[in-house]
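There are 4 protein chains.
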Amino acid sequence: MDSLDDLNRRLKQFAVERDWEQFHNPKNLVMALAGETGELLEHFQWLNEAQSATLDAEKKQQVALEMADILIYLIRCAERLDIDLVDSAYRKLAINEGRYPRDRVRGDARRAEEY
Amino acid sequence: MDSLDDLNRRLKQFAVERDWEQFHNPKNLVMALAGETGELLEHFQWLNEAQSATLDAEKKQQVALEMADILIYLIRCAERLDIDLVDSAYRKLAINEGRYPRDRVRGDARRAEEY
Amino acid sequence: MDSLDDLNRRLKQFAVERDWEQFHNPKNLVMALAGETGELLEHFQWLNEAQSATLDAEKKQQVALEMADILIYLIRCAERLDIDLVDSAYRKLAINEGRYPRDRVRGDARRAEEY
Amino acid sequence: MDSLDDLNRRLKQFAVERDWEQFHNPKNLVMALAGETGELLEHFQWLNEAQSATLDAEKKQQVALEMADILIYLIRCAERLDIDLVDSAYRKLAINEGRYPRDRVRGDARRAEEY
Numbered sequence: 156m157d158s159l160d161d162l163n164r165r166l167k168q169f170a171v172e173r174d175w176e177q178f179h180n181p182k183n184l185v186m187a188l189a190g191e192t193g194e195l196l197e198h199f200q201w202l203n204e205a206q207s208a209t210l211d212a213e214k215k216q217q218v219a220l221e222m223a224d225i226l227i228y229l230i231r232c233a234e235r236l237d238i239d240l241v242d243s244a245y246r247k248l249a250i251n252e253g254r255y256p257r258d259r260v261r262g263d264a265r266r267a268e269e270y
Numbered sequence: 156m157d158s159l160d161d162l163n164r165r166l167k168q169f170a171v172e173r174d175w176e177q178f179h180n181p182k183n184l185v186m187a188l189a190g191e192t193g194e195l196l197e198h199f200q201w202l203n204e205a206q207s208a209t210l211d212a213e214k215k216q217q218v219a220l221e222m223a224d225i226l227i228y229l230i231r232c233a234e235r236l237d238i239d240l241v242d243s244a245y246r247k248l249a250i251n252e253g254r255y256p257r258d259r260v261r262g263d264a265r266r267a268e269e270y
Numbered sequence: 156m157d158s159l160d161d162l163n164r165r166l167k168q169f170a171v172e173r174d175w176e177q178f179h180n181p182k183n184l185v186m187a188l189a190g191e192t193g194e195l196l197e198h199f200q201w202l203n204e205a206q207s208a209t210l211d212a213e214k215k216q217q218v219a220l221e222m223a224d225i226l227i228y229l230i231r232c233a234e235r236l237d238i239d240l241v242d243s244a245y246r247k248l249a250i251n252e253g254r255y256p257r258d259r260v261r262g263d264a265r266r267a268e269e270y
Numbered sequence: 156m157d158s159l160d161d162l163n164r165r166l167k168q169f170a171v172e173r174d175w176e177q178f179h180n181p182k183n184l185v186m187a188l189a190g191e192t193g194e195l196l197e198h199f200q201w202l203n204e205a206q207s208a209t210l211d212a213e214k215k216q217q218v219a220l221e222m223a224d225i226l227i228y229l230i231r232c233a234e235r236l237d238i239d240l241v242d243s244a245y246r247k248l249a250i251n252e253g254r255y256p257r258d259r260v261r262g263d264a265r266r267a268e269e270y
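Residue numbers (the working numbering), protein chains in the order written: chain A, 156 to 270; chain B, 156 to 270; chain C, 156 to 270; chain D, 156 to 270.
For reference, chain A alone in the conformation it holds in the complex (with noise of 0.2 Å):
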């Protein structure tokens, strides 16, 4: 979890440096973290879907922070729980591929419970 691994050392670092560890359980983290995501919606949500894919440069600077906020938000509470994001990632994409087989889904978005 190499380049994750050390940004997870410097986050946690300044939580502690400000006696922050206090406030940073898994539901407030998770809580946050859901508040972030609010923020980023906020930037697409009168955009249309071309729009959102051609964002000028300062939008596009503003929802690089919000994209980051979340990652933050999403190390923090890993750390908190003792879970391996990566590791997490690849079992859940594993999962995905016997669920959504190739020649069954193409070019059809439908969510898995809808087959």
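Keep in mind that the hints were calculated from the coordinates and are not lab data.
A portion of the hints provided could be inaccurate.
Put simply, identical chains are the same to the list, so a pair is met inside one copy or across any two.
What the hints assert, rightly or not - Listed next, the in silico DSS-like pairs over lysine-lysine satisfying Cα-Cα at most 30 Å (straight line):
# : residue 1 : residue 2
1 : Lys247    : Lys167
2 : Lys214    : Lys167
3 : Lys247    : Lys215
4 : Lys167    : Lys215
We have chain A already, so just place chains B, C and D on it with the hints.
Same frame as chain A, but now just chains B, C and D:
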């Protein structure tokens, strides 16, 4: 972006093989990310803060997979927008270090705007 | 749908006068609703459960306006989809009464699926 | 708050009968509201804007019940915080009328801060 790099490549391949990139514009991906965030919240909404830090093995497993979904959509969205997630997180961390000086915020979790 | 009826009419007029109905499709409105939900979460993320129930007057005022935003987008979205919100809430309440029999769930907040 | 008044009374009774008011503090209720918002988003994430406005009957039914869940938690949370939702919505509408003058924003959905 080492470990995330390989994951990014695998996730893109997964989408391409299913002809799903047509649905994977940033607007849709941000909605999907927020949908997964909602599922993560549901695991914690009736737990108190202490309980949220001591999940049993089965619940921890489910939570890990929800967090994986969030990471997956975050990576997909960053790929579509050509954003470097880890680099953005370090930039955000530097901003936060300026915004929340250690000595002024120790033990105090009020939001930045409230100072 | 008395009081909500008048509010619905006023909100529609507000959108029409600004030529905003072109943006008010359900997909966009649901994103806007979720963005406001994120703002609401941010007010509570670092409070413990007891603090969340005893907001000071200024914070309570801010929270009331965030909740108003959610109600506003909920009403707008229901209008676009021709959904009766209050009627749907009574139907959902009836479903919940069947799903969570009083004697079986008393004092237990586990999610329905976990029974 | 007529129609919402009766709903509020019924929802409170539902919680009291199950001894669930102990879980219904604003922090938890706001999380639950956000969880339901995530479920609502999931119905729309892969639809385009036009499709989102023309749901088939079954999907519309599901969406109506998700919206009901949001209204239910909004009402519960308002009750716990002693907030009048409809009154707050009218106050927010008045604020928006000042913030977005008709002639200046016609046909333009940029966020208020961006003016």
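Each hint tested on the structure:
In this homomeric assembly, Lys247 and Lys167 come within 30 Å of each other (Cα to Cα) both inside a single copy, at 26 Å, and across copies, at 14 Å. Both within a single protomer and between protomers do Lys214 and Lys167 lie at most 30 Å apart by alpha-carbon distance, with minima of 29 Å and 24 Å respectively. In this homomeric assembly, Lys247 and Lys215 come within 30 Å of each other (Cα to Cα) both inside a single copy, at 28 Å, and across copies, at 14 Å. In this assembly of identical chains, the alpha carbons of Lys167 and Lys215 lie at most 30 Å apart whether taken from the same copy (27 Å) or from different copies (21 Å).
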